[in-house]
Amino acid sequence: MSSAHHLPRRQFLKTAASAVFAAPFITRDLIANPPSGQVIHASFGAAGMAWADLTSIATHKSVRMVACAEVDSNRALEFRKKFPDAKVYADYRILLEKEKLDSCNVSTPDHMHAPIGMLALHHGVNVYGQKPLTHDLYETRRLAEFAAQKKRVTQMGIQIHSAREYKLAVQLVHQGVIGKVREVHTWSNKAWGDNGTMPQRNDPVPANLNWDLWLGVCQPRPFIGGDWYHPGNWRKRLDFGTGTFGDMGCHIFDPVFGALGLTAPVSVRSEGAPPNSHSWATNAVIHYLFPATQYTVPGKIPVTWYDGDQKPPAEIRALLEGKPLPEQGSIVIGTEGILVIPHIEDPILLPQAKFAGFKFPKIEGADHWHEFVDAVRGQGKTSAGFEYSGPLTESVLLGSVATRFPKTTLDWNSSKLKFTNVKEANAFVRRKYRAGWETRGL
Numbered sequence: 001m002s003s004a005h006h007l008p009r010r011q012f013l014k015t016a017a018s019a020v021f022a023a024p025f026i027t028r029d030l031i032a033n034p035p036s037g038q039v040i041h042a043s044f045g046a047a048g049m050a051w052a053d054l055t056s057i058a059t060h061k062s063v064r065m066v067a068c069a070e071v072d073s074n075r076a077l078e079f080r081k082k083f084p085d086a087k088v089y090a091d092y093r094i095l096l097e098k099e100k101l102d103s104c105n106v107s108t109p110d111h112m113h114a115p116i117g118m119l120a121l122h123h124g125v126n127v128y129g130q131k132p133l134t135h136d137l138y139e140t141r142r143l144a145e146f147a148a149q150k151k152r153v154t155q156m157g158i159q160i161h162s163a164r165e166y167k168l169a170v171q172l173v174h175q176g177v178i179g180k181v182r183e184v185h186t187w188s189n190k191a192w193g194d195n196g197t198m199p200q201r202n203d204p205v206p207a208n209l210n211w212d213l214w215l216g217v218c219q220p221r222p223f224i225g226g227d228w229y230h231p232g233n234w235r236k237r238l239d240f241g242t243g244t245f246g247d248m249g250c251h252i253f254d255p256v257f258g259a260l261g262l263t264a265p266v267s268v269r270s271e272g273a274p275p276n277s278h279s280w281a282t283n284a285v286i287h288y289l290f291p292a293t294q295y296t297v298p299g300k301i302p303v304t305w306y307d308g309d310q311k312p313p314a315e316i317r318a319l320l321e322g323k324p325l326p327e328q329g330s331i332v333i334g335t336e337g338i339l340v341i342p343h344i345e346d347p348i349l350l351p352q353a354k355f356a357g358f359k360f361p362k363i364e365g366a367d368h369w370h371e372f373v374d375a376v377r378g379q380g381k382t383s384a385g386f387e388y389s390g391p392l393t394e395s396v397l398l399g400s401v402a403t404r405f406p407k408t409t410l411d412w413n414s415s416k417l418k419f420t421n422v423k424e425a426n427a428f429v430r431r432k433y434r435a436g437w438e439t440r441g442l
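Under this note's numbering, residues 1 to 442 are what the sequence shown spells out, in order.
Some hints here could point you the wrong way.
[What the hints assert, rightly or not] Now the in silico label distances, taken between C-beta atoms and shown as ranges:
1) P220 x G441: 17 to 27 Å
2) N426 x L77: 38 to 48 Å
3) E78 x G322: 39 to 49 Å
4) R317 x P291: 41 to 51 Å
5) G322 x I363: 25 to 35 Å
[To be verified] Cut-off 30 Å, straight-line C-alpha distance, at most; resulting in silico cross-link-like pairs (DSS-like, lysine-lysine):
6) K407 x K300
7) K82 x K100
8) K300 x K418
What the hints contain is simulated information worked out from the structure, not anything from laboratory work. This structure is a prediction, so every number in the text was calculated from the model and none was measured. Ideal Cβ placement from N, Cα and C applies to all residues, glycine included.
I would like the entire structure built from these sequences, with the hints used as guidance.
Right, here's the structure in full:
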């Protein structure tokens, strides 16, 4: 995997404005999916993960970067230097109205993924969307459905999906090397949460930041400085981020989801603390049950997520035969062996005695960003389009909802997009956008 795949994974911001957008969308369909030639591209977000995305996409020889939308003028400085001929907007809606685009990357805080992505799709633009695909379950479902309806090229920013290490792990399971899968344990040592007290103050908004645009679809509130929200700690906040689940769940669940051919879970249960009034909790333990697939034993398949200080139990860690538990990764337990999938390293087969001398199949990684550009040009397909990454994101976000109802099994009906046994949980499937920020299709 090239060094580009190890660019910083932290995504970041850019956001909206103030009035309802109601422009015609019909003629924009004609510019989508150019069969060849130059791909006209814009970035939503200019720094953090947006910088990783836009610079990686721009290395494709067919891409012309024409614009970005960024609500913090200081964070657009490097973009201006690298792309002096490109335009910089504060308001994503104005950018989409004025620029004729083939593609874009949506690399903002989580709360604006869906509004920007959906509006771009309405404009006939092919979308590379950062993980998690959206902030809420309803948004994920609608975004994936609309992209499929309009036949847009899409890709979620789980770039390790295209790396050799993850592709190899998926292939090992598909080849039956560890037999049929019985259960999975997956974890991250990150701790995007906060059980402290929210500061009760109204700080001056920095001159370089448009706070109203940053808030976007979320309700107005005082600005709190000191990195409470901006530029990085929004991940901890209920309204803007999705905690450790959103930051790392889509990455680490990805090879498990692909290897087992998972669909939607039938239930989810949190054993950890609930979020407080403003932020996600840490140290989660979340139990999922998925329907069986061709790669698993019959019956419901348990997949358990841990984060922060929580780790798989001692009897599961003992299966590593003395090897240290990776800081992030998965243990996939099969009928004929065990597969450890560190994030991001070569997979490990256990027991060591059984797999000594095992010859791993040769497999090459791919450039996740270039794969998207090539698909926009009509050359091949993406491997993490919204038809795949949508259901993956929904599973991750179900864990976020479960944390609000500790020690309660939530039964999930995916086709109806609702919880069937705890009606109160359905209030967290879809949020209401603030007045003036409604987005068609959401």
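Verification of the supplied hints:
no. : hint                    : in the structure
1   : P220 x G441: 17 to 27 Å : 24 Å, holds
2   : N426 x L77: 38 to 48 Å  : 44 Å, holds
3   : E78 x G322: 39 to 49 Å  : 45 Å, holds
4   : R317 x P291: 41 to 51 Å : 27 Å, violated
5   : G322 x I363: 25 to 35 Å : 28 Å, holds
6   : K407 x K300             : 19 Å, holds
7   : K82 x K100              : 21 Å, holds
8   : K300 x K418             : 20 Å, holds
The structure does not agree with numbered hint 4 stated previously, though it agrees with all others.
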